[in-house]
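> Protein chains in written order, with the numbering used here: chain A, 33 to 330; chain B, 4 to 340; chain C, -17 to 299.
Mixed in with the good hints there might be a few duds.
Between beta-carbon pairs, the in silico distance windows are [claimed, not checked]:
(1) C:56 to A:85: 56 to 62 Å
(2) C:217 to B:285: 24 to 30 Å
(3) B:224 to C:-4: 55 to 61 Å
(4) C:217 to A:244: 19 to 25 Å
Calculated directly from the structure, the hints in this document are not laboratory data. C-beta: ideal position from N, C-alpha, C; glycine also.
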Amino acid sequence: MNESPASPSSIDVTQVVAKSRNYWSTVLDRLSRDPVTLAFGAILLLILLSAIFADVLAPADPFKTSMIKRLKPIGTDGFPLGADELGRDMLSRLLYGGRLSLVMGISPVALALVIGGFLGLVAGFLGGKINMAIMRTIDVFYAFPSVLLAIAISGALGAGIVNAIISLTIVFIPPIARVTESVTTQIRGLDYVEAARASGARSLTIIRAHVLANVAGPVFIYATSLISVSIILASGLSFLGLGTEPPNPEWGLMLNTLRQSIYVSPWVATLPGVLIFITSLSFNMLSDGLRTAMDIKL
Amino acid sequence: MKPALLKVEGLKKYFPIKGGIFNKTVAHVQAVDEIAFEVPRGETLGIVGESGCGKSTTARLLMRLISPDQGEVVFDGMEVGRSDGISVRDMRKRMQMVFQDSYSSLNPRMPIEGSIAFGPIVHGLQPSVARQRARELLAKVGLDPNLFIRRYPHELSGGQRQRINIARALALEPDVLILDEAVSALDKSVEAQVLNLLTELKQELNLTFIFISHDLNVVRYMSDRVLVMYLGKIVEIGTVDEIYDSPRHPYTAALLSAMPSMDPDKRTTVSPLTGDPPNPINPPSGCRFRTRCPFAERVCSEVEPELQSLSGPVSQKVACHMTNPSSGHTKVNSKGS
Amino acid sequence: MFAYILRRIVYVIPIALGVTIIIFGLVHIAPGDPLNAVVPPDAPQETVELLIKAYGFDKPIPIQYGIWLGRAIEGDFGISFATGRPVAEAIASGVVNTLVLAVGAILIGMTLGCLIGALAGYFQGSWIDKLSTGFAIAGVSVPHYWLGLVLVIVFSVEMNVLPAMGMGPGGSREWAWDSEHLRHLVLPVITLSVIPIGIITRSVRATVAEILTMEFVQTLEAKGLRSGRIFLHVVANAAPTVLAVAGLQIGYLLGGSILVETVFSWPGTGFLLNDAIFRRDIPLLQGVILVLAMFFVFMNLVVDILQSIIDPRMSRG
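This is chain A alone, in the form it adopts within the complex (with noise of 0.2 Å):
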């Protein structure tokens, strides 16, 4: 079976170890021919990089105030994007802005994938009592409209950044919860779960060995489709007065300071809201493209 053919060649084949194709490789490879996702990648790279490296990119002080500067338009000289209604450089906060925004987007999400999977995952595996105990309990939660949640959580925990955090994470860990358990409680049912059980391993070994890889898959998708309702979301509490607190730049929070601006200067002011938007879109279309290329019928 499967011997070396007598080859003239001096590279003895059955020394070769065939390089197989694992499962990441090839999604990999299905991304990059995939041109949509790849440019808005790109763009959400962008938007990544500006932020951490905004102390380099920024021209300006973003706390620095002028009040003779106050909402100059765009173009202005020294203010490329204009001025805020406290005379502090558009192009900066913006800049630095996306720290916040993005932090508080994606850490939300971040972290209910911990929790959430772990809570899905033990609720999947063990069945029974201790899985109705768990899904009981998220279902009350999810039978909140998530806006609103995060409202009613931000509102009573008050305003401030690590609050805003808490409370999306505490939204966005039911939905992730549930998605983790389906396809836990799917994969428990397969066959080769059932082999690594007739072969005597305990539980937890189990899990590690055979039911994490299969069911970190579907659920990161999963997760990141929420980081682009995470940071609407986060934007939003911030718009609502109840994330970031000023004088802190951040972009939903500048969509808020600037709205009593609108008559005097429009398009600035309209400015955060932009970016909120194509971050939004640019996680939305990586989401979906990472889907698709993860969507292989093995």
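Fit chains B and C to the supplied structure of chain A, relying on the hints for placement.
Relative to the frame of chain A, chains B and C by itself:
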């Protein structure tokens, strides 16, 4: 008779069905209803029956993937699950199973080496030693280790995957292998290769097989003894020749007559099986087969026939009133007394 | 199937109770004494104690919860700390105003969503499809509060054809079906409809596309059925899913309208909520969240039951 390696007594499993407003249990699927049999070391016991007769449930009960409601399984003289017997975990070192769906039996994200080495590592073997054993096993099932060791299931054919499943089952060096429709999903030519492989392995490693299938020809080829199940009960058990050449239960006879055969001498006047098997939730009273049996009489609906040995130099046991002279059935065969 | 419906209704009760517990609990985990909202800081001790007794703050928390819940079921949500008027009054008028917005948004969402989605589903892969999908994704990615702002800038600030704020002339708080109120309705309802349009378009497109590939449609075509009739079949099969999505959206919009209402100063429940949070007006806060959450739970139940009736595959009878 050789001492039994595996003995099953009174094994029962009913699955509850929930319904109604409060999701209470309203009925039970009587999947396996007090079955008993023995498997001596070195034998292949074939289990046949239609879909839904309880064969796969029996397999899972043996492996303790499902817990029985009643009954005991005795492995090599030790009762499974009791503190003075053998623990489930230890039993699983000595009895393993190969499943029907070769693809879903393997973790798609794990390379083949990992899948095979998983069992031994779980039981304490050094990973490097386990991986070495995985390579040896791959060679044993006829796959070149160098080419297959790092592959993923989706890159292989059904036959190759099933060989790997066999290798995985053998990794723990079991005494008994349960093959639950292990070749049913394969193409005929591949099936033949895998069956030959199994026969070789059985010889070489001195294994005992429990071979579950709905394909009567394959069961005949592989088995020493055959057990016939119907709706959760054993209706007949005997050596392969006894069952195939002289079936005594009407169900067995009907099953066999439906088998296509090339032999013009093998003609039969037994009417073939018609209709679907009745519902395992509410099986017929008395003999469960009576609703499809051409010989059913009143006694069949009142008294359930027990699995009894036939007289004479046969090891065959049948659960039918016609073979029991004291049953009151009018058509008791002379051979039965 | 009747058993399923009954089971579903019974099952809602613990969930609803859980929701009330959370709402009640939220207020009490908030930092700061709820008392501070009512009592001026320099009030004499006897007044403070009188107020504590009047509001029941001296009773243990589970009792306070019981009293609150009991009254709420009867429709008594207490007196607003800020205005001194019954909370139920404020909520009632707020709900009407928000419903006007939400229903309007759903109607637009359903109409446009079904239209665009159906076209996209029929002509899969074409430019219509790509355009509508892009439009739908944009719809769910856009921060609607920003969109509202942009619309205000375009139509009020720059073009001055539509009002920027409020529900009616002179800061009206009562809805009326006259042209002034309707003019005020235009921008907010368009803003609010963007998300439902996006979601419904996506949903309709997917459903239509799926139905068209199903064999029974191809059988119909093979039988020579005119495409008009096929269209009706598609509609009949798509209806349950679309109705479900729309139903859920109503509940969602009612609960999530706060952002749009803030932008437009629309005196609905969202606006009330905003007020209540910043003035720490606990009875109002609890009352509004309770009503909105219960409505959402109710809509979910209705959608579930309707689906199980319309779509026999869904029922677990």
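> Run every hint past the structure and note whether it holds.
Status of the hints after comparison with the structure:
no.	hint	result
1	C:56 to A:85: 56 to 62 Å	60 Å, holds
2	C:217 to B:285: 24 to 30 Å	42 Å, violated
3	B:224 to C:-4: 55 to 61 Å	58 Å, holds
4	C:217 to A:244: 19 to 25 Å	44 Å, violated
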